[in-house]
Amino acid sequence: MTAPLRIGVLVFPGSNCDRDCHEAVTQVLGAQADFIWHKESRLPPLDAVIIPGGFSYGDYLRTGAIARFSPVMTAVIRFAEAGGLVLGICNGFQILLEAGLLPGAMLRNRSLSFICKDIHVRIENTVTPFTSRCKPGQVLTLPIAHGEGNYYADQATLSTLKAKNQVVFRYCTKDGAVTPEANPNGSLDNIGGITNAAGNVLGMMPHPERCADALLGNEDGQLLLLSLLDAVKSRKPALATT
Amino acid sequence: MSSSIKDLIAQHGLTEEEYQKIVSLLGREPNLTELGMFSVMWSEHCSYKSSRAFLKKLPTEGAHVIQGPGENAGVVDIGDGLAAVFKMESHNHPSFIEPYQGAATGVGGILRDIFTMGARPIALLDSLRFGPLDQPRNRYLFSGVVAGIAGYGNCIGVPTVGGEVSFNEIYNHNPLVNVFCLGIARGDRIFRGRASGVGNPVIYIGSKTGRDGIHGATMASDSFDEGSESKRPTVQVGDPFTEKLLLEACLELMEQDLLVGLQDMGAAGLTSSSCEMASRAGTGIELELANVPRREAGMTPYEVLLSESQERMLLVAKPGREGDVLDICKKWDVDAAVIGRVTNDGLLRVKEQGAVVAEVPARALTEDAPTYERPAEAPAYQDFLQSLQLELIPEPTDCNAVLETLLASPTITHKGWVFEQYDHMVQTNTVIRPGADAAVLRIKGTDKALAVTADCNSLYCVLNPYTGAACAVAEAARNLVCVGARPLALTDCLNFGNPERPDIMWQFLLAVEGIADACKALQIPVVSGNVSFYNETRGLSIYPTPIIGMVGLLDHVEQAVSQGFTAEGDAILLLGETGEDLGGTEYLRVVHHREQGTPPVLNLEREVALHRVVLQAIEQGLVRSAHDCAEGGLAVALAESCLSATNGPLGAEIALDGHGLRQDSLLFGESQSRIILSVKSADREKIVAMAGHERVPCSVLGFVTGRRLMISIRDDRGRTALKVDRPCDKLDRIWRGALRAALETGERGHA
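Chains as they are written, first to last, in my numbering: chain S, -6 to 235; chain D, 65 to 815.
If you are wondering where the hints come from, they were derived from the structure by calculation, not from laboratory data. Just so it is clear, the structure is predicted and the values come from calculations on it, not from any experiment. Keep in mind that a hint or two might mislead.
Calculated cross-link-like contacts (lysine-lysine; reagent style DSS-like; alpha-carbon spacing at most 30 Å) [stated by the list, open to error]:
no.	chain 1	residue 1	chain 2	residue 2
1	S	LYS110	D	LYS382
2	D	LYS120	S	LYS32
3	D	LYS508	S	LYS32
4	D	LYS382	S	LYS32
5	D	LYS584	D	LYS512
6	S	LYS32	D	LYS394
7	S	LYS110	D	LYS508
8	S	LYS32	D	LYS584
9	D	LYS479	S	LYS167
10	S	LYS167	D	LYS744
11	D	LYS394	S	LYS167
12	S	LYS110	D	LYS394
13	S	LYS226	D	LYS508
Selected chain S positions facing chain D (Cβ under 7 Å, derived; list incomplete) [what the hints assert, rightly or not]:
no.	residue
14	ASP13
15	PHE48
16	GLY51
17	PRO64
18	ILE108
19	THR134
20	ALA138
21	TYR145
Don't be surprised by glycine CBs; every beta carbon is placed ideally from N, CA and C.
Chain S on its own, in the form it takes in the complex (with noise of 0.2 Å):
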């Protein structure tokens, strides 16, 4: 019998979607989810990590911008280049911008408003760990609520994002066409969520584990976390860092 599954929590003072993400890790892969203290230097063995949503140290000065210099952003620097897994959603994007794990930076919305509702995104590679339950250009209805989703990059990083297809969602209509209209937040390229080159890092801005449960009207998110399920299975034995 092998271990069970572990996919650590980041918990920042300011996280709040950290009990979400944990609830869908537990209840939807069926797999262990440790919440990890910021404080943390060190991770224990974990199969993948997880930054949540939320505002991780108030978020005052700009997103992300604080977290990166907390102690346990230096543990998971290290594990994302040992090539462990790292799912960073809505602020966790945020900070993997800041903390250089992913290439880029985060604008205010166009709008200069939070924004929170149901947009649609179109799934743009699904050889990612991320997304391998997904088919190529399928659409996804998720969530989103941020005020800082517009997502920039210069034009040599874009060019790169696309020649080297980490850029896996594009916000679109419900029918699949990227247009400015379906455009939430003004985000580059529609851009919704990238990998770093090697692609075992994935930000993105909308919530799967807002929409992994029937009850809530919408299990998209499932297929998200299940391929990183399906990932994790096939890496075994956990990633431990030192």
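With chain S held as given, fit chain D onto it using these hints.
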């Protein structure tokens, strides 16, 4: 009495009689610090001196009530060892002075009231009132308040799941911002604001104390004039991140069983939290101000005691556990310090570096505050308000145009612009989202769910305060019933003008009686609440606005029902009866520019029977959608059910019997106790039979079909005329677009 003392008393918002009462309670003249403490504690905001005697009329008991009014929040048992904890509060005055921070700190305050009781907050609602959006200042206030609520609630991670917004000139210079919070706690671990146990340590935790908000409570107990904006320094600045730390630290302290009692330092800050906790427990408290964490140097005891700096709590710990308390606070990076201890002498004794700077019986500040039974008299203008000669009001020639006008009215229109700025999904409990009659939140680990709603039609209330307030209770309950929830209890936020005016006091007394009678008939106790008087600017009072926040329980979350039609071919039924109820309607206001008449008649027995039928039908799984008929009447309610269908608008074909009524009464009248259901056509007769059994009028209106809303009226001779015929897509664009358009173009919607 010297004129300088007279001035000092007046500056502190006290009367000379009140000053004399202080002298007799103390047996001496108060010093300046003590005068400041009395000033805030005896302010209307803290003492409820004009309302306390009358609030006793409200029913507060029920088998499931764990904690009624008098604590930081009300608590009701919801089974499974759990309790729902909730309260509503106003933050009107600060929000008018500084909309973003005023609203944000309102959210912060109500959250603290909830987690103080040992509950984790799970939902927020807001009831907002503004002047019309054609005025730039109102757009500024509205946008600022919504952004402030969003800024605070989103950051701390408590979903804002609903509420209500309406617009009327009467709120031009006095907007209302009422915030409601619901939390869940273990029923056997409710914490109260009591300083029990002589010798126990008194601990300050949270933000450092600054000079902000001194005399905020006194400001909130005064009317407004031209200079109100100069009071901006008395509005505090919110820090939701610190509140998040405070929330988590408090919940952990309670989980570890380290506390005896705790209270938020809200209005009147350290003074109110310490004297109220001592007073409730019959103890005293001795404080050493030198130990209070401070943000500014050189603060006087007066300033430290009266500061309303946000995100602070006062705790009384179990004996010898102060070290453990401080350790948990350190883990969460929250400032904490032991600043005193519980005593047995009933005194609030305040020291600065060991020297006594104030010494006042705790009860003198709380229980002994003056109460007034102020004179009440119906105003002379009441007859004019209630006069309405319907024969002078022409019936509409184009009902389509009226329907479109109403759907675009900012009070009726879709509020997506508001609630899309609120994170309404965090915590993953939101089963029915904002925009419905009530929001529904599942309770993880159980099969149950809680439903929450807020309601008040203040136009009804000014026309008849008794009926208007009773209607607010009935409609809130009806909203809960529409989603399948049994109403459990309510909290009220009573917003009125200056109680020193007999006409305002008359409105207040009638409204309290209206709430009390509706609560008794519907068997819904009042478990918490708030009174906000002095909502008056330059002599003009707001309409009486008693907002009702209500909580209901669903035993089976999967039975929750929403307002949108679900399938073509379903039968549409109306439960309840339509009468000639045009007084106080949104139709009369928007189309005929009259705010007049008598509000709809409310028959509480019929209301109770209606609720029984709908709940029974929902519990039997027969109901596909349910929607309350409210502002805009039957036609607007039908349109909303069409436009709220999950996968885009669904049409309906409706035929109404004329019953000899005016067609505007039929379509846009606001008769109470009516709910529109859609059911599978095979289940239609079952509903008709259930309604017949309870003697609730039930009529089959038509069925869900196509993509147009068509309403025809059959007159007494059997002739049918098509009165409304519009594509749903067009109605949808109007309904969803009107608020944004009103804000973006600055054009007057139809307020």
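Going down the list of hints, with the structure as the test:
1. Under the criterion of a C-alpha separation no larger than 30 Å, the hint pairing LYS110 of chain S with LYS382 of chain D is inconsistent with the structure, at around 45 Å.
2. Our distance criterion of 30 Å between C-alpha atoms is broken by LYS120 of chain D and LYS32 of chain S, whose separation comes to about 51 Å.
3. Pair hint LYS508 of chain D plus LYS32 of chain S holds up; C-alpha atoms about 29 Å apart against a cutoff of 30 Å.
4. Restraint check: the Cα-Cα separation between LYS382 of chain D and LYS32 of chain S comes to about 29 Å, which is no more than 30 Å; the hinted pair holds.
5. This hinted pair checks out: LYS584 of chain D and LYS512 of chain D have alpha carbons roughly 26 Å apart, not beyond 30 Å.
6. Taking the CA atoms of LYS32 of chain S and LYS394 of chain D, the gap is about 12 Å. The hint holds against a cut of 30 Å.
7. At most 30 Å may separate the alpha-carbon atoms for a hinted pair to count; LYS110 of chain S and LYS508 of chain D meet this at roughly 22 Å.
8. Our distance criterion of 30 Å between C-alpha atoms is broken by LYS32 of chain S and LYS584 of chain D, whose separation comes to about 53 Å.
9. At most 30 Å may separate the alpha-carbon atoms for a hinted pair to count; LYS479 of chain D and LYS167 of chain S meet this at roughly 22 Å.
10. Of the supplied pair hints, the one linking LYS167 of chain S and LYS744 of chain D holds, its CA atoms being roughly 29 Å apart against a limit of 30 Å.
11. Of the pairs offered as hints, the one joining LYS394 of chain D and LYS167 of chain S is violated, with about 48 Å between alpha carbons and a cut-off of 30 Å exceeded.
12. Between the alpha carbons of LYS110 of chain S and LYS394 of chain D the distance comes to roughly 37 Å, so the proposed pair goes past 30 Å and is violated.
13. A threshold of 30 Å between alpha carbons decides the hint, and for LYS226 of chain S with LYS508 of chain D the separation of about 28 Å falls inside it, so the pair holds.
14. Interface restraint check for ASP13 of chain S: the shortest CB-CB distance to chain D comes to about 5 Å, inside 7 Å, so the restraint holds.
15. Proximity of PHE48 of chain S to chain D holds as hinted, the smallest CB-CB distance being about 5 Å (cut-off 7 Å).
16. Residue-level restraint check for GLY51 of chain S holds (minimum Cβ-Cβ distance to chain D is 3 Å; threshold 7 Å).
17. With a cut of 7 Å, the hint placing PRO64 of chain S at the interface with chain D is violated, because the nearest CB-to-CB distance is about 14 Å.
18. Restraint check, ILE108 of chain S versus chain D: the minimum CB separation of about 6 Å is within 7 Å; hint holds.
19. The restraint placing THR134 of chain S at the interface with chain D is violated, with a minimum CB-CB distance near 11 Å, outside the 7 Å limit.
20. Checking ALA138 of chain S against chain D: minimum C-beta separation of about 4 Å stays under 7 Å; hint holds.
21. With a cut of 7 Å, the hint placing TYR145 of chain S at the interface with chain D is violated, because the nearest CB-to-CB distance is about 22 Å.
The structure does not agree with the numbered hints 1, 2, 8, 11, 12, 17, 19, 21 stated previously, though it agrees with the rest.
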